[in-house]
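Here the protein sequences line up with chains A and B, keeping their order. Per the working numbering, the very first residue in the first sequence carries number 533; after that it's consecutive. Per the working numbering, the very first residue in the second sequence carries number 362; after that it's consecutive.
20 Å max Cα-Cα, derived PhoX-like pairs, lysine-lysine:
#1 A:652 to A:633
#2 B:374 to A:807
#3 B:377 to A:871
#4 A:1034 to A:1080
#5 B:378 to A:871
#6 A:810 to B:378
#7 B:378 to A:807
So these bits of chain A aren't anywhere near chain B, every CB distance computed over 10 Å:
#8 561
#9 620
#10 862
#11 964
#12 1042
These are calculated hints, taken from the structure and not from any lab test. Just so you know, even glycine gets a beta-carbon here, dropped at the ideal spot from N, CA and C.
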Amino acid sequence: MADIDLEKRFDIHEIAKNKLAEIEKFVCNIYCCHSTGCKSSGSDDILDLIKNIVAEHKLEEKIRIVATGCMGLCAQGPLIRVEIKGQQDRLFKRIDLNAAKLIMEKYVIPALDKKVAIVKELEPFVLSLDLPFFKKQEKVVLKNAGHMDPEDISEYMARGGYLALEKALKTMTPAQVVDEIKRSGLRGRGGGGFSTGMKWELAAKVPTVDEKFIICNGDEGDPGAYMDRSILEGDPHAVIEGMMIAAYAIGATEGWFYVRAEYPLAVERLQKAIKACKKNLLLGNNIMGTNFSFNIDIRLGAGAFVCGEETALIHSIEGARGTPRPRPPYPTNKGLWEKPSCVNNVETLANVSKILLKGADWFASFGTETSKGTKVFALTGQVEHSGLIEVPMGTTINEIVNEIGGGVPAGKKLKAVQTGGPSGGVIPAKYMDMPVCYEELKKVGSIMGSGGMIVIDDSSDMVSLAKFYLDFTVDESCGKCAPCRIGGRQMLALLDKINRGKGKKKDLELLRRIAFAMQKASLCGLGQTAPNPVLSTLKFYESEYTNKLVDGKE
Amino acid sequence: MADASNASQVAAKWRKKRGSLIMALHEIQDVKGYVDWSDAVELAQGMGVSLARIYEVLTFYNFFKLKAPGKAVISVCTGTACYLKGNDKVLEKFKSELGIGEGESTADGMFHLQCVRCVGCCGLAPVCVVNGKTYGRMTPDNVPAILDEWRETFKEN
Chain A
533 MADIDLEKRF DIHEIAKNKL AEIEKFVCNI YCCHSTGCKS SGSDDILDLI KNIVAEHKLE
593 EKIRIVATGC MGLCAQGPLI RVEIKGQQDR LFKRIDLNAA KLIMEKYVIP ALDKKVAIVK
653 ELEPFVLSLD LPFFKKQEKV VLKNAGHMDP EDISEYMARG GYLALEKALK TMTPAQVVDE
713 IKRSGLRGRG GGGFSTGMKW ELAAKVPTVD EKFIICNGDE GDPGAYMDRS ILEGDPHAVI
773 EGMMIAAYAI GATEGWFYVR AEYPLAVERL QKAIKACKKN LLLGNNIMGT NFSFNIDIRL
833 GAGAFVCGEE TALIHSIEGA RGTPRPRPPY PTNKGLWEKP SCVNNVETLA NVSKILLKGA
893 DWFASFGTET SKGTKVFALT GQVEHSGLIE VPMGTTINEI VNEIGGGVPA GKKLKAVQTG
953 GPSGGVIPAK YMDMPVCYEE LKKVGSIMGS GGMIVIDDSS DMVSLAKFYL DFTVDESCGK
1013 CAPCRIGGRQ MLALLDKINR GKGKKKDLEL LRRIAFAMQK ASLCGLGQTA PNPVLSTLKF
1073 YESEYTNKLV DGKE
Chain B
362 MADASNASQV AAKWRKKRGS LIMALHEIQD VKGYVDWSDA VELAQGMGVS LARIYEVLTF
422 YNFFKLKAPG KAVISVCTGT ACYLKGNDKV LEKFKSELGI GEGESTADGM FHLQCVRCVG
482 CCGLAPVCVV NGKTYGRMTP DNVPAILDEW RETFKEN
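Just chain A, with the same shape it has in the complex (with noise of 0.2 Å):
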């Protein structure tokens, strides 16, 4: 009899049901942005204040506080999203302690009982739920993000969490779920845009001999881009079901999160919500009653770049410097502790129940021919909606920029569009119908990347900015291989040469070569692509380089 006992206590029907019997008990929901972006702007201090508020006016039983995942719009943080019964939903921004308590007297606390109107005070605050920002996006993997608890497991079952992977568990074979990933026409989000399930497949094809492990790449090291981090803070519980339903797929026996030590608040998360799995029994052995048996633990990055690349990031797990290896043998082969491993990316395991629970047609519905689903993006630079977005594959950079993204703010233009972080390279203005997937990309010298897309404006110069990624790529470089070393640094001087007016036509030509060197010659995907932002800064915008020639300027 305990038997039952135990599973009806961990039945995930019973927890969603009594979570939204509770959530439906209240008249008002103030969601609280909380995630690094809006902390950092004072949103724990804004959380406490309202907390107070509602306690010193007896309102617990009316008013229920939720600190939530990334919002999206983070240049206007910290946000506030409250929403009464019989009220329309309202979006605040940039608040502080003062407009919080004004929010609350002015407008919450009236508005419990009758409609209310916005009063003139609270107006700078209000942001429109109309704006194009929020009614463009299409939300597949933030669909919670924002809306929810992340560090209630409760709360997610009560959005369908963990359905997917009793869909899998119960009613699927390992096989039919590596199918249906693979009909999805999912591909991984990490950049490299590998078909997941025909990676899925490749792992299950090798037997599992003791250990097998799927490995989780949150190594997020792209300079402007925090799409991943944003995931694991505001939908911990998704990637975590993810990787379960992959590890069932491929039949792994253990998976590992690692991610960048530089995310504190996200391996905090993470960590909370792999505790309450386990207390819940969605860890460990016999899972929801079945056959499978799978644990997850987290490992740290200490700042090192290259550790994205998969073979870098096995050997950082190990306890070793994270240097690449050639491969074959790939990690599906040999991976982790030489034993076969599947590395995925945070987003792409994100996906994957969304996809389980609604069909492979139904995410293949989104997006172009070869690049199906949505893509989340940190749109930054100069740009005046600047934040965190999901758009369906084929949108146009137009579109993103300038109807989600506000355009550039006044009196300056759009001069291009970066994608891909250093190992991608710059789209002028004139491609800015262009819709936005992985081969398009890939046309004008560019790459998907894992989501950063940084707008420039006309002010900026593209021979610095070439420089700077190559900076960064050159200190990054673990050192390894010779083109990447060396190339890297020759590139550098030249580009540094270029800048300070000494630079010769010749030198341009040499540019060209030493980057053709480490494309073909470069162990990894890190010194294979370091040269992108310079061949492409090149490509589409020479007369900069030339006007600080020597004998350069016509």
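Go by the hints and put chain B onto chain A.
Chain B in isolation, oriented as in the chain A frame:
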């Protein structure tokens, strides 16, 4: 030798777990602020790892420090968004105000200045972080006030 015993404790905690060297080093640095020679020796003995391995790992990863940093560690973000929005000028201001360069500490041990690659607050660019507190939308003019704030903090203690 409180620090030394900490390294031994950390070693005992992690020695049986797999893939634990970097985690152990993080734990030592979390408490002490850096990992020095004696910690490395104790960790090597406690975990059964060669000292050479520990040294190569410590020096490979940017995150680990081998010497004590200043009390207030100033991290200037050099991510792309911060670069585009002029954080280089903020860095210059910190350098000139403190009279030190990147990766250096002031003579009184109060401040340590370093550059970091993207703290992930690109919406607030340009950004600086001092001992975990983030300052968004920085300008060079904000620099003196931030330094004063931290001088004041450490005076009280």
